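Go ahead and model the full structure; you've got the sequences and the hints to work with.
Number of protein chains: 2
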Amino acid sequence: MEFAQDLLRPLLDGQFRALARAISWMENGHPQARELMARVWPHMGRAAVIGLTGAPGAGKSTLTDQLARALRAEGKRVGILAVDPTSPFSGGAILGDRIRMNHIADDPGIFIRSMATRGALGGLARATQDAIDLLDAAGFDVVLVETVGVGQDEVDVVSCVQTCVVVLIPGMGDEIQALKAGIIEVADLFVINKADRDGVEKVEREIEGMKSLSPTRSWDPPLLRTVAAQGEGIAEVLTKVREHGVWLRAHGGLQRKAWERARLRFSCLLAEEASRRACARAGQAKVESLIAAIAERHLDPYAAVAEVLDSA
Amino acid sequence: MEFAQDLLRPLLDGQFRALARAISWMENGHPQARELMARVWPHMGRAAVIGLTGAPGAGKSTLTDQLARALRAEGKRVGILAVDPTSPFSGGAILGDRIRMNHIADDPGIFIRSMATRGALGGLARATQDAIDLLDAAGFDVVLVETVGVGQDEVDVVSCVQTCVVVLIPGMGDEIQALKAGIIEVADLFVINKADRDGVEKVEREIEGMKSLSPTRSWDPPLLRTVAAQGEGIAEVLTKVREHGVWLRAHGGLQRKAWERARLRFSCLLAEEASRRACARAGQAKVESLIAAIAERHLDPYAAVAEVLDSA
Numbered sequence: 199m200e201f202a203q204d205l206l207r208p209l210l211d212g213q214f215r216a217l218a219r220a221i222s223w224m225e226n227g228h229p230q231a232r233e234l235m236a237r238v239w240p241h242m243g244r245a246a247v248i249g250l251t252g253a254p255g256a257g258k259s260t261l262t263d264q265l266a267r268a269l270r271a272e273g274k275r276v277g278i279l280a281v282d283p284t285s286p287f288s289g290g291a292i293l294g295d296r297i298r299m300n301h302i303a304d305d306p307g308i309f310i311r312s313m314a315t316r317g318a319l320g321g322l323a324r325a326t327q328d329a330i331d332l333l334d335a336a337g338f339d340v341v342l343v344e345t346v347g348v349g350q351d352e353v354d355v356v357s358c359v360q361t362c363v364v365v366l367i368p369g370m371g372d373e374i375q376a377l378k379a380g381i382i383e384v385a386d387l388f389v390i391n392k393a394d395r396d397g398v399e400k401v402e403r404e405i406e407g408m409k410s411l412s413p414t415r416s417w418d419p420p421l422l423r424t425v426a427a428q429g430e431g432i433a434e435v436l437t438k439v440r441e442h443g444v445w446l447r448a449h450g451g452l453q454r455k456a457w458e459r460a461r462l463r464f465s466c467l468l469a470e471e472a473s474r475r476a477c478a479r480a481g482q483a484k485v486e487s488l489i490a491a492i493a494e495r496h497l498d499p500y501a502a503v504a505e506v507l508d509s510a
Numbered sequence: 199m200e201f202a203q204d205l206l207r208p209l210l211d212g213q214f215r216a217l218a219r220a221i222s223w224m225e226n227g228h229p230q231a232r233e234l235m236a237r238v239w240p241h242m243g244r245a246a247v248i249g250l251t252g253a254p255g256a257g258k259s260t261l262t263d264q265l266a267r268a269l270r271a272e273g274k275r276v277g278i279l280a281v282d283p284t285s286p287f288s289g290g291a292i293l294g295d296r297i298r299m300n301h302i303a304d305d306p307g308i309f310i311r312s313m314a315t316r317g318a319l320g321g322l323a324r325a326t327q328d329a330i331d332l333l334d335a336a337g338f339d340v341v342l343v344e345t346v347g348v349g350q351d352e353v354d355v356v357s358c359v360q361t362c363v364v365v366l367i368p369g370m371g372d373e374i375q376a377l378k379a380g381i382i383e384v385a386d387l388f389v390i391n392k393a394d395r396d397g398v399e400k401v402e403r404e405i406e407g408m409k410s411l412s413p414t415r416s417w418d419p420p421l422l423r424t425v426a427a428q429g430e431g432i433a434e435v436l437t438k439v440r441e442h443g444v445w446l447r448a449h450g451g452l453q454r455k456a457w458e459r460a461r462l463r464f465s466c467l468l469a470e471e472a473s474r475r476a477c478a479r480a481g482q483a484k485v486e487s488l489i490a491a492i493a494e495r496h497l498d499p500y501a502a503v504a505e506v507l508d509s510a
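Quick note, the sequences are listed as chains A and V, same order. Residue numbering for the first sequence follows the working numbering, starting at 199 and increasing by one per position. Residue numbering for the second sequence follows the working numbering, starting at 199 and increasing by one per position.
No lab work stands behind these hints: they were computed from the structure. Do not take every clue at face value.
Stated by the list, open to error - A few chain A residues facing chain V, derived, Cβ under 10 Å:
#1 A236
#2 D328
#3 E458
#4 C466
#5 R475
#6 A476
For clarity, every value in this text was computed on a predicted model and none was experimentally measured. Heads up, the beta-carbon is just placed ideally off N, CA and C, and yes, glycines get one too.
And the structure:
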């Protein structure tokens, strides 16, 4: 078995192979995962973490790639995490990587990773948080976290990054409804991508309308237009992201975000670890027999869970 | 306090107020929730459960409403659960209900409920499963579970219903990529809604392409076209849903789905309950101090969780 102390130095040096392995350890619950996180923990806290979310097809990947390029042009080292929860079985993550490869995957200053965990509740959010920390410790200046879906896990992930960018496109009137208040309330910045299409003003009016229904915030999320495929508007997005960072520092926002993120990390990990321990205590055979009893309607799920937890 | 035994009879009689209250009990973790589920449990197992998922803006709500109308015309009682995970803070669920109201909310044979839990990991999937069971026990013939998002929670919810309908629309080439293998693999039926728009054949080709990349299944998910807003194609969807039900019964699929669902229910509930108990044992003050320590970077999350669990 490899040990955490062996991985630590190459990881802190920013070596891609060590980083990839460390993220896999976290995803898969490697026996040394906890030890590694403990050793890495003192070395982090410097990276700017930017989340990008929005409806499928809004061009989040393209926008992410362009932001990464622009940051590279400034000499920054950039990590990209593509959170891909719709691939519980196979394929999705690999597909996502392959599409991206052609654009920026050859740049030695850009580390790209698709995060797609299999099944564990909250495990994706937890593993993504771990990966952000590892990139931070490995000396990346900026971590871009891009979500593919628009579900609860994704809202959880992006709501506690430093700056949350919500990406929309023209001609998606219905979709604004679908994004709804949850996303609107976590947005620090709205980007209307594919802004060379008809209907930009309409989306802008709709966003303004949704904003007016939400509680007033001391940071008023700006609306920007981009055509990411042509690189248009990218510089403005980075400018606003930086303004938001300045605002956060001036208004105690960094502490608040750190606290939200700590709460999320604690909850995800507690749920995972408490479940794991309870199942280990009860034994796999017992757990399977309880699940069978639920499926056959001999036992309700609440009673089954109580049986596992009460026997501890 | 109200007791489970008082709610049981009106619930089994299918009274809407009792049903609404029972679902709220499950959502909010009412002290009598477990007792109620134990009493309700022997009375269920008859309802057909159909999930509808797909990209925002695909017209899932309209399709759901039309399916409900068609089922009503056959004299069926229909429950609709709109799973709305993008509204962790406010507004979303209410908005969804209001849009629907005009159409079918006056029908006494249709019970509609938006499910939107606040924060708890896996809590939405768990509460939705509880609500399905309650509708089943209350004598509803069909439960339609419609998801708003396309995240992990939603995949979890629809992957273990009886028949999973994936709704797409023409002109969303990129979105097919975004839905990816996870959704493709859980689909029992593809519906291309808004099929009066250009690009139907293109979507169909893309779905066939995605299907060809997935493992072969003994049930080959059919592709159907609808224009839900005009009621076109609805009868065909119901026919295929029924064919899928027949197929499931003939191939042991109902037991398999029941087992998957039992596993999901057990996992969700175990994570919630094990976390709750661990926090209760440690005490709220201790938990908050650990979260603060993570936020201030004195302690890594793995160590914090171990501290809560080891002290038990």
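Structure-based check of each hint:
Because the beta carbon of A236 (chain A) sits about 5 Å from the nearest beta carbon in chain V, less than 10 Å, this interface hint is met. About 8 Å separates the beta-carbon of D328 (chain A) from the nearest beta-carbon of chain V, less than 10 Å, and the hint is met. Taking 10 Å as the C-beta cut-off, the interface hint given for E458 (chain A) holds, the closest approach to chain V being about 8 Å. With a cut of 10 Å, the hint placing C466 (chain A) at the interface with chain V holds, because the nearest CB-to-CB distance is about 6 Å.
A hinted interface residue such as R475 (chain A) counts as satisfied when its beta carbon comes closer than 10 Å to some beta carbon of chain V; here the least separation is about 6 Å, so the hint holds. Because the smallest distance between the Cβ of A476 (chain A) and any Cβ of chain V comes to about 5 Å, under 10 Å, the interface hint for this residue holds.
Of the numbered hints given earlier, the model fails none.
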